[in-house]
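Engineer: Here is what each chain is made of, one letter per residue.
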Amino acid sequence: MAVEEVESRLLAYGHTACAGCGEALAARTVIEAAGPDVIIANATGCLEVFTTRFPRSAWRVPWIHSLFENAASVASGIEVALKALERSDEAKVIAQAGDGGTADIGMGAFSGMLERGHDILYVCYDTEVYSNTGFQRSGLTPLYAHTTTSPAGELTWGNATRKKDLPSIAVDHGAVYVATASVGYPQDITRKVKKALSLSGPKYIQIHCPCVPGWGIESHMTIRVARAAVNSGLIPLFEIVEGNIIGVRKIKEDERVSVEEYMKLQKRFSHVLKSPRGKDLIRQVQSIANLNIEKFGLLGINE
Amino acid sequence: MKAIMEGSQAVAQVVSLCKPNVVCAYPITPQTHIVERLAILHSEGKLKAGFVLAESEHSAASIVLGASATGARSYTATSSQGLLLMTEVMFNIAGMRLPVVMTVANRAVSAPINIWNDQQDSMSLRDCGWIQMYAEDVQEACDMHIQAFRIAEELNIPVMVCMDGFVLTHSMEVVDIPSQDEVDEILPPFAPSYFLTPKDPVTLGSMAGPDAYMEIRMLLHKAMKDAPRVIQDVSDEFEEKTGRHQGGLLDPYELEDAEIVLVSMGSLLGTMKDVVDQLRDEGYPIGILKVRTTRPFPREKFHDLLCNARAVAVLEKDISLGLEGILCSEIRSAFCRAAKTPNISSFIVGLGGRDVREDDIRNIAISMFENDSCRVEFVGINKEALAAAHWRAEDYTECISTDVCPKPEKGDS
Ligand SMILES: Cc1ncc(C[n+]2csc(CCOP(=O)(O)OP(=O)(O)O)c2C)c(N)n1
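Chains as they are written, first to last, in the working numbering: chain A, 5 to 307; chain B, 114 to 526.
To be clear, the hints were calculated from the coordinates, so they are not data collected in a lab.
Among these hints, one or two may not hold up.
Simulated crosslink set (DSS-like; lysine-lysine; CA at most 25 Å straight-line) [stated by the list, open to error]: (1) A:87 x B:159; (2) B:115 x B:354; (3) A:198 x B:312; (4) A:87 x B:312; (5) A:199 x B:312; (6) A:87 x B:132.
Please read these numbers as outputs of a predicted model, since none were measured by experiment.
Please take these sequences and the hints and turn them into a complete structure.
Structural biologist: Now the structure itself:
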C-alpha cells in the first residue's frame, strides 16, 4: 500500500529520523500544506531532535524550539509579537509537539493558548508514546499498550488507562477548528491543515503517527498500521468547526478491521494476544472502537 | 517630573515609557502591583503593547521568549516561586541570546512559605545567564529599567532588575519619572540583528551535541565577561544625561581610607549608609561597597576596591545552605593569590522579611573592628522560633556564628 512521498522543499531531506517514521512524514505533509509563510514553534521531542542538530537544520521556514512543555506559549508570544509589530500578514503561526508535549507536560500551556484565543494552529503528532526518550507511556497511550514505563508483566497488562480525549478538551476551550488526522491519509492532512489555516483563532489538529521502534512494527508498515487504526474505529478521523462535527472519514466496508487485527500488527500488544485473558482485554478495546463508530457514525457512506 | 509614587507604580510607569512591544506576567506577591499597574496603563492606552495574561510564570516567560525571538521588545516581572517556576525558561532565554527584561520583586522562597523580602530567589538563579542588577531605592529601580533594556539589546543578554519586595515595591517615595523624550534619547528602538520571519528563515534553539555544546556555552560566558564595559558606559551616559548618580557595577561609599568595609546589595544599603555616617562621625574608618551588578561579577574591581581593607563584612539576604552567603563566597574568589587579602565574613541578615535594624548593622560593624576572625554569622536569630521547629538542633550556638578559617594553633607548623 504505497503512499506518494510528498516532495518537500520546506522540511528538507537529510534529517535523522528512523526509517518509516510516521511523525517525519506527517510533519512534512503539514509544512508543505502550510507553505513558506509560517513561523513554527516546536516542542522538544523526536521532531525537534531529528531535524535540527546544530549547526545544520532541515527547516527552510522560520522555526524555533524552546522547551518540552512550552510550544503553545512560545507560539502565543510569536503571535502577539507579530500583531504588536503590525506584521501579522507576514506569517501564520504553527505550534507543534508530540503527544507528551501536548497532553501531559504541555497541557497547561496548551490550555492557555486555546483560552486566550490566539490565531495559532497547534499540531500534535500523536505517536502514543514519548518516542524521543525511549517509548515511555503518555496520556495518549492506548489501553493495554506495552510501553517502557507501563510494561506488560506478571501483574500488569501494559497501559491501564484510555487515551485522554484531547480533541474534546480543545473543543470545550472554544477552538474554532479541531480535527483528527492520520499519517495513513496524507491528503486528508493536507486538506485539514489548509482549512485550519484559512480560519482565524485557535485551531487544533491531532495526527496519529505510528512510531516504528515504539510500537514494534516493520519500517515499511507505518502506513498500513496507521490505516488499520483508523479502519478499526480506534482512531476516528473527524472535523469540528465551532463545536459542530462537520465531517468524518467513513470506514469502507471492505477496509474495516477488528481491533484484534490492528493489534496483531504491532509488538506492543503481543502480550494481550498471547495471554489467556487476552480475549477479555481485546473485547474492552473493541468496545472503545465500537463507541467511536457509534458516536461519530463511522460506518455507511458519506451523504 | 517628580511625584510621590509607590515603587511598583513608578516601575510600571517607567517600563511603559520604554515602549515594550509585548508585556506578559503572572501575578505573585509582591510583584502584583507592577502587573496591575501595567494592566491599567494598557487599558488606558498609555502602554501600547501586546498585553498577555498567561496561565503560569513558565508560560509568561515562554511568551516573552517567543515575542523577543520575533523581534519584539519584551518585558515580564515576577518573584520567588514564580521565578523558580520560570527557571527552565530563564536558561533558555539567555542561551538563545534574547534581550528580555524582567523585574524581580525579591521575595523569600518556600518552604516555609513566606511572602516577605529576601534575595534568595534571584541569587539562586545567578547561573542562568542573565545580567542581574540590584536597586537600592525606587528611583534607582526606575533608572535601572531604562538602562536594562539598553544593555540587554546592545549585548543580546537578558537583564533582571531586582528590587526588594515590599521594601521598595510597596513603599511611597519621591521619584523623578523621566519624560518620553528623555527615555527615547537613552533607549533607541529595538533593532535585532535576526528574528523569526519568513523573509529570512532562521532556525533558533536547535540541538547541539557534545561536539558543539561546550563552544556555545563558552561564547555565552564570553559575552557575559564582556558585558561590564557596556553596563558601565550606559550607567555613565545615563548619569550624564539625567544628572543622577548611577554607579556602574560597584559603587563605593566612604571607601577611601576605610579599614572595615561593609558590602551589600539592594534596599539595605540605605540603612547601612546612615549607620556608616554615624560611625564616621564617631571616628571609625569604615566604608561601604554597594553592589549593583552581581552578574557579570566584576571580580577584578572587587579586588581593587577591597584589597586595602583590613576586613570585609558581606551582609546579604540569601544563603547557600551549608556554606555561607552567596555573594560572600564570590567575593572571596576575588582574592585567590592576592598580595593583600582582607578577612572576609559573611553575615546572613533579613531572611524572609526579618527586620534589619540600624542596631544590627552597627553591631556587625563594630564587631568587625574588635574581632578579626573570618566567620559566617546569622544576625538576629530568635531562639523561641528555633525551639518551636520540628527539627530542633541540640546545639546551634556554633551555627549562629562559625569561624570559617580558624587561625593555626601555636605550635602548628
Ligand atoms: C521538562 C522536561 N522533562 C522531560 C524531558 C525529557 N523529554 C524530552 S522529549 C520527551 C518525550 C517526548 O515525547 P512526545 O512529546 O510524545 O514527542 P515525540 O518524541 O514522541 O515526538 C521527554 C520525556 C524534557 N526535555 N524536559
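Engineer: Compare the structure with each hint and give your call.
Structural biologist: Outcome of the hint check:
1. A hinted pair counts as satisfied when its Cα atoms are at most 25 Å apart, and residue 87 of chain A with residue 159 of chain B qualifies at roughly 17 Å.
2. Under the criterion of a C-alpha separation no larger than 25 Å, the hint pairing residue 115 of chain B with residue 354 of chain B is consistent with the structure, at around 16 Å.
3. For the proposed pair residue 198 of chain A and residue 312 of chain B, the alpha carbon gap of about 21 Å is at most 25 Å, so the pair holds.
4. Restraint check for residue 87 of chain A and residue 312 of chain B: satisfied, since their Cα atoms lie roughly 17 Å apart, inside the 25 Å limit.
5. Restraint check for residue 199 of chain A and residue 312 of chain B: the C-alpha separation of about 24 Å stays at or below 25 Å, so the hint holds.
6. Taking the CA atoms of residue 87 of chain A and residue 132 of chain B, the gap is near 15 Å; set against the 25 Å cutoff, the hint holds.
The structure agrees with every numbered hint stated previously.
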